Structure formats: C-alpha cells, structure tokens
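Those protein sequences? They're chains A and B, same order as listed. Going by the working numbering, the first residue of the first sequence is number 1, and it counts up by one from there. Going by the working numbering, the first residue of the second sequence is number 1001, and it counts up by one from there.
These aren't lab readings, by the way, just hints derived from the structure by calculation. Note that the structure is predicted; figures quoted are calculated from it, not measured. Even glycine gets a Cβ: it sits at the ideal position worked out from N, Cα and C. One or more hints might be untrue.
Which residues of chain B face chain A? A partial, calculated answer using Cβ under 7 Å [stated by the list, open to error]:
| hint | residue |
| --- | --- |
| 1 | Glu-1011 |
| 2 | Arg-1012 |
| 3 | Phe-1014 |
| 4 | Leu-1039 |
| 5 | Gly-1041 |
| 6 | Pro-1044 |
| 7 | Lys-1051 |
| 8 | Glu-1055 |
| 9 | Tyr-1057 |
| 10 | Pro-1062 |
Distance condition first, Cα-Cα at most 30 Å in a straight line; then the derived DSS-like pairs of lysine-lysine [claimed, not checked]:
| hint | chain 1 | residue 1 | chain 2 | residue 2 |
| --- | --- | --- | --- | --- |
| 11 | A | Lys-134 | B | Lys-1027 |
| 12 | A | Lys-178 | B | Lys-1027 |
| 13 | B | Lys-1027 | A | Lys-179 |
| 14 | B | Lys-1008 | A | Lys-178 |
For reference, the chains in residue letters:
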Amino acid sequence: MLVTIDNEDLEQPSTTMEQSEFLNVVMPFKDKLYRLAKRLLVSREEAEDATQEILMRLWTKKGTMGEYKSIEAFAMTMTKNFCLDRLKSKQAGNMKLVHSNYTDESRSLQGQLEAADSVGWMERIMEDLPEQQKMVLQLRDVEQYGFEEICELMDMKPTAVRVALSRARKTVREALIKKHNYGIV
Amino acid sequence: MELSNIEKLLERYFEGATTVSEENELKRYFTGDDVATHLQGYTPMFNYFSKAREERYTKQVPLRPRRYANKYRWISVAAAVVLTFGIYFGKQYQDRKQLEREQAEYAYQETMKAFGLLAENFDRGREKVAYLKEFETTKQKIYNKN
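Same shape as in the complex, but just chain A (with noise of 0.2 Å):
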C-alpha cells in the first residue's frame, strides 16, 4: 500500500469501492495475462512485471473500461502488444547476442535436468515457435479461446488463424517424434 495523507483518507469509501469492483472484473483473467505473458517473455520475473504493468494500465483506464466489449480480450490485445514490445527493444539492443549466449549453455544443464520432465521439454519444444504461432497455440489449447476471440486478438483472418495453428501443432508433433525416437535427450 502507498503512503496516504489527510485528504486522501477522505476519497478512501469510494476508491475502496472502485477496488474491488475492479478486482472483480480483472480477478478471472489475470492468470491469462500471466500465461500469455510468460509464454512471450519465458523469463517467470519479466512475465510477472509485465502483467503488474498490465494491471496497472487497466487501473489507470478503468473510468474507460465499460466502453471496450471485452475488457479481457482488450487485455490480452495490450499484454500481447507490451510482450512483443518488450522482445523487439530487447532484439534491438544487444541483449539478444547475450541471451543466447547465456542460454545456448544453460539449455544444455537445462537439458539434463528436464530429462524426466516432460513439462519441462514441451515448454522448450513450444519457445522454439516463431512467436505468432507460439501465441495461436497458447490461446487455443492453453487458452481454448474461440476461433473469432483469436482472430480479434491476434488481428488476423480467421483462415490465417487456422494454418498458423495447424503449423503449430504440427512442429510440436515432429518435435516429439523426434525426441521419441532418439530417445530422451
């Protein structure tokens, strides 16, 4: 909680009020925001610091909230458009050169680690994606979102929708054939 003074004291029935019929509203979906985000970001803090930015936002935009259809898919449409700008700045500079680095050796521990975990190997299998698919993906089968929530979202047509996902699960396939047949790494 922030520091109050006197004549905020005196607003509090009312924010109170606001806080939790904003806590209703946003309550069911947070754990999407968090998920979507996670997928994008992978890392578990930059996904939990993007989904309090989220929040944040819709915070600040709630006297306008009751215009949007969906608060949950306007929600979703900003956490996607935060994550991809978040990985585009990130490209820019030269984290990437370091992430990669950094990662190339850790994946390898990583690798052994996960052996058994078959979560764990999924989630691999799934960041390799580019990430429209990735996104697709995560909205259906994580999700189960409809075919037109998809669309809306992710802005495309419904048949692009549809191949983006059918590739999506068909590399996830071959990723696991692959694996089951040269054996777990």
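Given chain A, work out where chain B should sit, using these hints.
Below, chain B alone, put in the same frame as chain A:
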C-alpha cells in the same frame, strides 16, 4: 470413446479444424489412463496444455497504483519550477538592490566630496575674515591711543 474416432479427431486437430469441445474430448482421452500404445507419444502434449493452464499469477494485484505517485510527481515538478523562478527573480532583485546600493554609495561619495570642497573654501574664507578681525583690533588700538 472409440479409438478410430480419436484417430480421426487427432487428424483434424493437426489440421486446425477441431472445435474447442472436440479438443476437450482429446484432452480428456490423453490425460486419462487407457491411452492406446501407438498414441502414447501425444500424451505429453495434451498433458502439458492442461498443466500450463494451471499456472497462476501469484503476485498481488497492484491497488491504487501510480495515481498518487503521479500527484506527487506533479507537485515536485511544480516545486522545481517555483524554485527555479524564485532563484531567477531573486537574483534579479538582488542585483537591482546591489546596483541601487552602489549608486547611493557613489552619490554619497560625490556629495561628501562637494561638501569637502565647500568646507575647504569656507575655511579659506574664514582665514581671510580672521585678517579682517586683526585689522579691526589694530584699528581699535589706534583709536584707543588717540
């Protein structure tokens, strides 16, 4: 559900042609116990999707964020502006005062100089008057003698 049905669904699943409820059927089948051996390779996939859905955002939802921080920020900006103007105009005021003081000092010095000059001349005048006095006394002496 029948195995052939599952196989058909699976095929359509990879074409991106299944509905959400059909996909849920697949999920139910693959997370269940009796998955056919030749299909077991797919279980990690469906297992993962159900597991990934359980991940939660555990941090607290930020309450009343930024609004007040914003207010304080504006106050600090305003304070900085006031301070800058204060220093600027304060300096100007000081400069003007200083100039006034210097001018007054100068005027004072000049006046004093003028007074000094006057006094000097006045003194000189008085000396001459002293002669006059001497003249008077001498004259008196002469009168007294006669």
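Against the structure, the hints come out as follows:
1. Glu-1011: With a closest approach of 11 Å, the Glu-1011(B) hint is violated.
2. Arg-1012: violated, 10 Å
3. Phe-1014: Check passed: Cβ of Phe-1014(B) comes within 5 Å of chain A, closer than 7 Å.
4. Leu-1039: violated, 12 Å
5. Gly-1041: Interface hint status for Gly-1041(B): holds (5 Å vs cutoff 7 Å).
6. Pro-1044: Holds: closest Cβ of chain A sits about 4 Å from Pro-1044(B), inside 7 Å.
7. Lys-1051: holds, 6 Å
8. Glu-1055: holds, 5 Å
9. Tyr-1057: holds, 4 Å
10. Pro-1062: holds, 5 Å
11. Lys-134(A) / Lys-1027(B): Holds, at roughly 19 Å.
12. Lys-178(A) / Lys-1027(B): holds, 22 Å
13. Lys-1027(B) / Lys-179(A): holds, 21 Å
14. Lys-1008(B) / Lys-178(A): holds, 23 Å
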